[in-house]
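In the order they appear, the protein sequences are chains A and B. Take the first sequence: its letters are residues 1 to 434, numbered as in this note's numbering. Take the second sequence: its letters are residues 1 to 434, numbered as in this note's numbering.
Derived from the structure by calculation, the hints contain no laboratory data. There is no bait here: all hints are sound.
Since the list gives no way to pick out one identical chain from another, each pair is judged satisfied if it fits inside one copy or across any two copies.
Under the rule of at most 27 Å between Cα atoms (straight-line distance), these lysine-lysine pairs were calculated in the DSSO-like manner:
| no. | residue 1 | residue 2 |
| --- | --- | --- |
| 1 | K216 | K111 |
| 2 | K423 | K383 |
| 3 | K347 | K216 |
| 4 | K423 | K347 |
| 5 | K96 | K216 |
| 6 | K423 | K175 |
| 7 | K423 | K379 |
| 8 | K383 | K175 |
| 9 | K260 | K216 |
| 10 | K111 | K260 |
Predicted model only: the values in this text are computed from it and were never measured.
Number of protein chains: 2
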Amino acid sequence: MKSTISIGILGFGNVGAGVVQLLNENRDLIERRTSKSICVKTIVVRDPKKYRHLDCGNAVLTTDAIAMIHDPAIDVIVEAIGGENPAFEYICEALKLGKYVVTANKEVISKHKKRFFDLAKAHDSDIYYEAAVGGGIPLIRTLKVGLAANRIESLHGILNGTTNYILTKLNDEGKEFGDVVADAQAKGFAEADPSMDVSGLDTAYKLSILASVAFKADIPVSEIPYEGIESIALRDMQLAAELGYTIKLLASGKQLSNGKLSFKVCPTMIPRHHPLAGVRNEFNAVFIVGNAVGESMLSGRGAGSSPTGSAIVSDIIDIAFDSHRTSLRNLEYAFDKVSLAHESELKSQFFVRLLASDAPGTLATIATILAHHQVSISKIMQKPCTNHVAEIVFITHSVAEDSMSSALIGLETDSVVQEIVTKLRVGLDEGDPV
Amino acid sequence: MKSTISIGILGFGNVGAGVVQLLNENRDLIERRTSKSICVKTIVVRDPKKYRHLDCGNAVLTTDAIAMIHDPAIDVIVEAIGGENPAFEYICEALKLGKYVVTANKEVISKHKKRFFDLAKAHDSDIYYEAAVGGGIPLIRTLKVGLAANRIESLHGILNGTTNYILTKLNDEGKEFGDVVADAQAKGFAEADPSMDVSGLDTAYKLSILASVAFKADIPVSEIPYEGIESIALRDMQLAAELGYTIKLLASGKQLSNGKLSFKVCPTMIPRHHPLAGVRNEFNAVFIVGNAVGESMLSGRGAGSSPTGSAIVSDIIDIAFDSHRTSLRNLEYAFDKVSLAHESELKSQFFVRLLASDAPGTLATIATILAHHQVSISKIMQKPCTNHVAEIVFITHSVAEDSMSSALIGLETDSVVQEIVTKLRVGLDEGDPV
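Please construct the entire structure, taking both the sequences and the accompanying hints into account.
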């Protein structure tokens, strides 16, 4: 393959625009990772005039999909129009020409995957569809490569962001289904017509794709029983919570001990402590059991132009890797020259437990020392111990790490403090340069 | 590459034996996935007599590592001896001969990754190390390929199963550190000398590997500040819980907005509702923020011969994929002929909410109908509504799906039942053929 990979994109809606934006935003990083330049040559749209105000870089806008697909300068076709037709025809055409195809289209992959795989094999081409299931979560690749050594015993997934958002709000806000849907529509988390999502059909398409990857089974969506969440009432949510559960729209695929497979999509009560119960809002997740790896879970944003763009562009990068004999999938040839941050550039919240004299003014002394070192307190508790010793516990706001270090020295050297027993960081947010 | 891939394994402890066992157990599946036969030709051990009782298939046991590495019939060297030396020498030798190397050895990768990558590039060979971090979780591949389009903003990981097991037990069982360690040792979750784990050093090795994959930074472990969990007292756990947190040994890597990087390993209080707080026992997880994908998390078993075997064998399968022009990483050429299970072969727990007459004997009638259809009750609640209507809610034990269907018909047609409002499945365990 050449040192430049030329992309043609079918469609310039949310998905297509997300791909163009991400290729621009992370251009340097992608060129270093792949040793290739990846450029969008042509974007096929219905009405080029509509897109004049958008930044498409050097890409040409055209209406002629077939001409773009046949352009010998184009290596990779990104199908971002969605729906069955004409996506099906375009993908077939590209594969017949030996081109790489990348798609986010769950419907066309679910319905025609066998045809696509056969064409790719016959014409020495290839099709990538990481974005079709689970948005930015690299599910397909994990099942096909990362867990390739495993017989998959079962998978259970939350695969539709809209329904998971609705169920989360039902649970948290105590509103009825109709009100939550209206709210989700207003916020852009549900389509004007949300029926494909709430009916479970979207999830069933995705499950049929996972069935092929996880179980090597070509299951049409018509053979997957699916139920939606339309009938879930607030009362059900409340009862579920009372009993220790939360309700999720769950896709499940499983191999029974008699070798038969079972697939279904239905709202399911999940025990509150199961990892899937903690998957909230528009997030997706898949809980996988493999015969070697045991239980494993992947979660992340299931939809949106940016996570979908992440999956599509990662597929394009994987195509770029295909042209290297020694695999850039594994090696880091050229490490970057990097600078490590100093303690003074980092912030964190801290938890401190100390023992001090149980006498009037102790708390004031400690607070004064902390303030002197610019350490501000979020919570503080004093608990009496024996022998006039008090246990004092506090959590700081986010403070500079070196301020905290000097505050601790200040505390240690003050006569009211007997011992600093514990110092821990709190939370993930270690902030930015102070 | 040939139709058979021949493996030589250095070391036959837990890791090496796990690889041999998994290759045997999933042989058919692996051959179908790769269109290759993968066979272990030679296993290098110190004392072949010790292993006479073990099943090594057709593999030859030898003591001569260098001869095995130089054997022209061997394509892939699996390094499963651990530690820095002689693993370093063996891996260099194999890479110089243009062979594929697969290793689970975090120490040697952390210390010598740059040398290995340079050798692989110079000699057209390749090194895979998925098993070195996060056991069976395909972390390396996810960061290198699945999320390749992203600039990684931060990652926070629980990377050591032993310490996470200890912290979980501290939290759950209210024992002190020393008692929990003794218990973990008795159960095989901690080494006789657990200091490499509890000190945070093991986690720091793993973080330095993730630093190279996620941030393209070659950070020696000596530049990663690490603290262990030795000083965490039961009292700290209790206070953390009281304040809404749980304590985890967290590895973190982050790019600050000034471009500098920060890496550290330290016990950290995590808010109870953060996904990392729910990672329990010997499980590992990494919470990743990418500039396109947003927040994403992977979790699974971090250690043990079976998860480690899963990672090593998946690496071997990926090597087999390398020889195909059209990528078996993506395509499913040959779908299996599969059977789908019938409702009568599936079991589930069910939640049912119904409205019935609020009269004496109603509950007895319902219980009788359920029993008649072999549906046994786990929990049942009756709540009075208005107008002599009672709301009855029950959760069944795991029952055959068709029994449940006929029980529901029985309930619907009985005069005491006014309406079956909701029927939901409960939990993931849909059981086996009835």
